[in-house]
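In the order they appear, the protein sequences are chains A and B. Residue numbering for the first sequence follows my numbering, beginning at 1 and increasing consecutively. Residue numbering for the second sequence follows my numbering, beginning at 334 and increasing consecutively.
Please note that a few of the clues may not be correct.
To be verified - Reference excerpt, derived from the structure (chain A facing chain B, CB under 7 Å, subset only):
| # | residue |
| --- | --- |
| 1 | R105 |
| 2 | A121 |
| 3 | I146 |
| 4 | I150 |
| 5 | I151 |
| 6 | I194 |
| 7 | V196 |
| 8 | I199 |
| 9 | D210 |
| 10 | Y256 |
| 11 | G314 |
| 12 | P321 |
| 13 | L323 |
Derived from the structure by calculation, the hints contain no laboratory data. Quick reminder that beta carbons are idealized off the backbone N, C-alpha and C, glycines included.
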Amino acid sequence: MTMHDVWTISETLNGKLKQISFELLARGRKLADDLGVALCSIVIGDGISDEEAQTLAHYGADVVYLANDSGLASFECTRYANVLLSLIETHKPEVILAGATSSGRTLMPYVGIKAHAGLTADCTELAIDEKTKNLLQTRPAIGGNIMATIITPNHRPQMATVRPRSTKILEPDYGRKAVIQYVKYPDKVSVSTISVTGIRPFEGQQSSIDEAEIIVSGGKGLKKKDNVGLIEELAAVLGGEVGATRDAVDRGWISYPHQVGLSGKTVSPKLYLAVGISGAIQHLAGIKTSECIVAINNDEQANILGLADFAIIGDLFDVVPELTRQLEKRNNA
Amino acid sequence: MDPVTGTMIRSGSVSVLNPLDLYAIETALRLKEEWNATVTVITMGPAGANRILKEALSMGCDEAVHLSAREFSGSDTYATSYILAEAIRKIGDVDLIITGERATDGDTAQVGPGIAAWLDIPVVSYVASVDITSPSEFTAERLIEEGYQQVQGTLPALLTVVKEIAEVRLPTLRGKKRSMNTTIPVWGVAEVDPDPLKIGLKGSPTRVVKIETPKVSRSCRTLVIGEELSTEVAVSELIEFLEARNLLGQEV
Numbered sequence: 001m002t003m004h005d006v007w008t009i010s011e012t013l014n015g016k017l018k019q020i021s022f023e024l025l026a027r028g029r030k031l032a033d034d035l036g037v038a039l040c041s042i043v044i045g046d047g048i049s050d051e052e053a054q055t056l057a058h059y060g061a062d063v064v065y066l067a068n069d070s071g072l073a074s075f076e077c078t079r080y081a082n083v084l085l086s087l088i089e090t091h092k093p094e095v096i097l098a099g100a101t102s103s104g105r106t107l108m109p110y111v112g113i114k115a116h117a118g119l120t121a122d123c124t125e126l127a128i129d130e131k132t133k134n135l136l137q138t139r140p141a142i143g144g145n146i147m148a149t150i151i152t153p154n155h156r157p158q159m160a161t162v163r164p165r166s167t168k169i170l171e172p173d174y175g176r177k178a179v180i181q182y183v184k185y186p187d188k189v190s191v192s193t194i195s196v197t198g199i200r201p202f203e204g205q206q207s208s209i210d211e212a213e214i215i216v217s218g219g220k221g222l223k224k225k226d227n228v229g230l231i232e233e234l235a236a237v238l239g240g241e242v243g244a245t246r247d248a249v250d251r252g253w254i255s256y257p258h259q260v261g262l263s264g265k266t267v268s269p270k271l272y273l274a275v276g277i278s279g280a281i282q283h284l285a286g287i288k289t290s291e292c293i294v295a296i297n298n299d300e301q302a303n304i305l306g307l308a309d310f311a312i313i314g315d316l317f318d319v320v321p322e323l324t325r326q327l328e329k330r331n332n333a
Numbered sequence: 334m335d336p337v338t339g340t341m342i343r344s345g346s347v348s349v350l351n352p353l354d355l356y357a358i359e360t361a362l363r364l365k366e367e368w369n370a371t372v373t374v375i376t377m378g379p380a381g382a383n384r385i386l387k388e389a390l391s392m393g394c395d396e397a398v399h400l401s402a403r404e405f406s407g408s409d410t411y412a413t414s415y416i417l418a419e420a421i422r423k424i425g426d427v428d429l430i431i432t433g434e435r436a437t438d439g440d441t442a443q444v445g446p447g448i449a450a451w452l453d454i455p456v457v458s459y460v461a462s463v464d465i466t467s468p469s470e471f472t473a474e475r476l477i478e479e480g481y482q483q484v485q486g487t488l489p490a491l492l493t494v495v496k497e498i499a500e501v502r503l504p505t506l507r508g509k510k511r512s513m514n515t516t517i518p519v520w521g522v523a524e525v526d527p528d529p530l531k532i533g534l535k536g537s538p539t540r541v542v543k544i545e546t547p548k549v550s551r552s553c554r555t556l557v558i559g560e561e562l563s564t565e566v567a568v569s570e571l572i573e574f575l576e577a578r579n580l581l582g583q584e585v
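Full structure from sequences and hints, please.
Below, the structure written as structure tokens:
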């Protein structure tokens with residue numbers, strides 16, 4: 001039986017590839033090499049140039065399937081799924097990887113059912129079993145307290161999603177070129193009864209915490225809404241985003257898109273700075289995969305210290321402004 | 334005007350109501366009030382899941398169906414979404430299916446979109462607001478990475494909703510009384526009538542082959558501000574720590 005290819009689902013915004021696309025290639029490259037097959041990337045969107053598509057080759061892709069269509073400009077599950085299912089039917093990939101993003105986490109389960117495939121969400125580790133050549137998919141389960149390794153022994157493709165920011169991209173090789181295959185399925189796009197009419201940006205300066213490299217989060221210790229400015233200033237000087245505990249969101253200090261934890265977002269930034277957060281288990285489950293956790297807290301017994309790499313025990317109303325001041329000084333130096 | 338029927342789905346099998354499903358119930362109840370609809374709540378799980386359905390009834394849901402059978406156990410999200418979809422087919426005449434964003438235990442977010450795929454209806458995920466604009470049309474906003482994606486579409490459809498969509502009501506005393514006196518039907522293999530090859534462990538493409546408890550190997554360096562350590566020094570030590578790990582951007 002011939003082994004088929006490894007695919008990644010690239011994501012674009014306004015014709016440009018998003019970071020997750022390159023992260024998936026780093027994951028996929030290793031799997032494709034271990035299986036001895038090609039690494040292909042699926043790009044679905046509108047107005048994506050060949051030049052942009054070729055950047056996928058620099059980061060590991062051998063083949064790019066490029067579906068440009070005005071009806072695919074913004075993610076809509078039925079349309080994207082129809083395109084992907086047509087490609088799956090034609091090429092029968094071995095493995096499909098996508099980002100655990102709002103679109104990846106919608107497209108993959110929908111397509112998984114239609115393609116009669118197995119799907120594992122939020123994998124932190126992906127490897128090929130040497131003997132069986134099955135994809136070993138490891139993910140945190142039960143609130144991140146255990147790691148489960150999952151296989152899909154009898155169904156193909158084997159599908160998995162990977163959290164954004166959990167993979168280091170490969171060193172680019174600007175000499176690499178990919179074969180671009182153009183795909184068009186206008187009839188598959190037009191059948192959808194859902195249409196995207198626009199996008200409403202987040203209010204103020206806020207943007208999404210899902211893909212942030214640095215997150216400064218506030219909890220109950222901020223005491224009142226007026227003090228949220230303290231962590232906003234710190235986030236700004238760090239070039240990061242503002243996060244919040246459920247407590248801070250329920251009190252109306254910070255809006256829901258910023259909520260981190262089991263009933264909010266699971267994040268894995270490079271740096272998570274927890275300000276005035278005691279560390280409820282639901283919150284900790286949402287930050288476990290962060291590369292570095294720093295706590296600023298007045299309680300030496302706080303749960304968060306069990307997960308933190310560095311902690312300052314003191315009055316956050318002194319520590320945070322001082323930190324902002326010193327960072328500003330450093331930035332201006 | 335056709336009534337809108339909301340159906341709430343809970344994935345997983347732990348017998349506490351997934352907190353994120355409350356928002357699905359609340360959304361259904363609001364649409365019920367607006368459109369004079371019937372709301373049916375469905376869950377799949379062991380006998381104890383009965384309690385969850387009673388809670389939903391006491392909040393104002395009209396009907397409840399409990400999917401429970403030995404043959405259903407061991408189902409992964411593929412088989413679970415299949416069983417739920419088959420049950421929804423049996424209920425029939427469903428205009429709108431609403432699920433929570435994901436279960437806080439399994440955390441896969443796969444069952445909602447999976448049901449839509451089995452039923453071959455559109456899925457709109459991460460919905461932060463929804464308006465039913467006519468008996469067969471809706472508009473919604475999806476909470477995505479870049480903001481709120483605005484969509485319009487036709488019913489039937491499946492929505493997965495996020496916490497932001499509504500504040501959840503509490504059960505009423507009258508609702509509690511009513512739910513106490515209601516016997517919730519339990520549907521097994523005979524009632525749902527699924528393809529036996531698509532349910533339970535046998536019907537699940539994925540297999541768990543290894544479970545590990547990760548060791549927390551973080552060692553925390555803790556600085557306590559006091560007489561011996563000023564805020565200023567503690568903060569500069571933190572900055573040194575972050576610089577050493579290259580966490581303060583490129584200009585280092």
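* To do: Against the earlier hints, flag every one the structure doesn't satisfy and list their numbers going up.
  => Number 12 - this is the single hint that the structure violates.
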